[in-house]
Amino acid sequence: MLARTLLALALAAVLLAGCGSQTLQQQSKSLKALAAEGGLLAGNAARGRSTTVFTREHAGFLLKSANSSASALARATSAKGRQLAQVAVRIQNDLERLQRSGSDRAEQQRLQTDLERIARKL
Amino acid sequence: MKQFLQIALGILSAIGGFVDIGDLVFNTQAGATFGFQLLWVVVVGVIGIIVYSEMCGRVAAISKRPVFDLVRERVGFSAGLGTLIASEIVNLLTCAAEVGGVAIVLQLLSGLPYRYLILLGVIGVVVIAWVLPFEWLERLFGYVGLGLLVFAVAAIKVHPQWGQVAHGFVPGMPAHNHAVYLYFVVGLLGAALTPYEVYFYSSGAVEDGWGAKDLRINKITSVIGYGLGAFLSFALMIVAAVLFLPRGIDPQFLGTPALGAQEALGKVGLILALVGILFAVGGAAIETSFSGAYNVAQFFGWQWGKREKPSGAPRFALSWIIIFVLALGIVMTGYDPVKITEYSVIFSVVALPLTFLPILLVANDPTYMGRYTNGRISNALGIVYFILILVIALSAIPLMVITNGGQG
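If you read the sequences in order, they're chains A and B. The working numbering applies: residue 1 is where the first sequence begins, and numbers increase by one. The working numbering applies: residue 1 is where the second sequence begins, and numbers increase by one.
Quick caveat, the hints were computed from the structure, so don't treat them as lab data. A couple of the hints might just be wrong.
[As the list claims (entries may be wrong)] The calculated DSS-like cross-link candidates involving lysine-lysine, where the alpha carbons are at most 27 angstroms apart (straight line), are:
(1) A:LYS29 x B:LYS339
(2) B:LYS267 x A:LYS64
(3) B:LYS339 x A:LYS64
(4) A:LYS80 x A:LYS29
(5) B:LYS309 x B:LYS64
(6) B:LYS157 x B:LYS267
(7) A:LYS64 x A:LYS80
(8) A:LYS64 x A:LYS29
(9) B:LYS219 x B:LYS64
Every value quoted in this text rests on a predicted model; they were computed, and no experiment measured them.
Can you make the complete structure from the sequences, with help from the hints?
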């Protein structure tokens with residue numbers, strides 16, 4: 001009986017926890033995290049400390065997350081929301097370029113600078 | 001050398017259980033969110049898993065019976081069935097998360113498409129689990145998983161403030177974010193005390209044919225194996241605290257811990273970290289599928305064991321293959337393996353009390369154990385940890401809801 005009740009509660013909790021939508025503050029925090037992680041990845045790539053495959057694939061994971069943030073923010077109506085939507089698009093563009101950067105270290109360094117600047121501002 | 005090979009069971013249990021995808025994610029997130037403040041939780045968790053693993057290894061060695069055999073006998077059919085269902089759900093979710101983890105790491109190493117790699121990863125792991133004998137599975141995944149030691153080197157290379165690290169071993173409460181902090185405490189304890197580790201460990205002890213003469217190796221194995229797991233957890237948390245917390249990075253991807261090793265040690269660090277993670281999550285995938293098969297077979301009294309030829313224990317062999325097939329189906333839906341593992345860790349606490357209570361009862365029962373029953377220290381620790389397990393079992397789900405799965 002106890003086990004069944006706990007199971008039901010756990011399932012309900014999983015559903016509830018999965019349904020939470022993000023506030024603008026959380027979106028801003030997520031974007032900062034993505035920009036910072038992208039900047040770190042780009043910096044390592046620029047210094048020849050990464051493999052081309054890892055840079056491309058990990059940037060792809062970050063990009064997927066940035067895409068979903070950008071989609072959510074595209075519907076924002078407040079000034080803060082629209083501002084964040086623009087930032088999300090900029091991060092998307094940078095991560096797309098990082099994904100395609102191959103072994104272009106100058107490009108990777110530019111992207112590192114830009115992504116780190118975005119992360120600092122957020 | 002012989003003893004070194006013998007402790008492989010503990011190392012596989014620790015690498016595949018203590019440092020699986022759940023721990024990689026939870027420890028890195030804990031360091032990136034709270035710095036060194038949660039290091040003490042790893043100590044609490046590792047002592048608990050050592051106490052109960054030593055106990056269930058001793059029970060297996062003396063009574064020749066693994067945990068789930070005893071669960072049904074000591075808690076009765078209905079409660080036993082409830083425990084079995086909860087454990088199987090957790091095993092399946094964890095196995096799915098590990099299979100997804102294998103595919104992600106292969107993608108980060110090869111650049112091939114994720115969906116093909118899920119299939120390739122499952123086929124590879126099933127073939128390895130089918131072909132290799134039990135002791136070679138322990139050795140392959142346990143020892144190659146030691147590539148994760150790169151995080152220990154990285155933790156030194158990032159030059160943490162060691163005074164602050166030491167302070168992290170003292171329990172405390174941060175000035176803000178109390179609920180999220182407690183969510184991480186429960187998550188880290190849940191990840192350390194996952195039931196599948198004890199199912200696998202005790203069944204493995206029976207598979208390895210342990211007897212009274214192996215009680216010393218049981219102690220060494222549980223202390224060294226899980227101690228090593230804790231050491232790696234510290235390293236992951238320290239690297240995340242130094243590299244990710246100041247930048248505001250929130251590790252949501254399996255590649256993020258590897259990025260930490262890369263930042264500290266360059267390309268070599270990156271490759272070693274990815275290979276270590278691949279074998280740790282691959283080993284955990286096998287552990288969870290075997291644990292699921294062990295549980296069902298032991299509960300229903302079927303012939304079981306990896307040492308048996310599949311024709312000698314066909315329902316056992318079919319069970320672990322079915323678990324892999326179901327896990328494949330879950331991951332193929334495209335649900336994020338990292339999210340699956342976060343839920344499975346919290347969900348696993350449901351199965352904890354009914355898993356650990358029979359071990360404690362049987363380890364104290366002279367009918368099973370003769371003169372090898374628990375001593376005073378084992379009993380005191382066993383009871384304290386059982387109370388702790390009850391507390392985390394009751395608080396895990398409310399905390400998950402309140403903190404929106406740790407998002408705050």
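> Hint by hint, which ones does this structure get wrong, listed from lowest number up?
Replying inline: none
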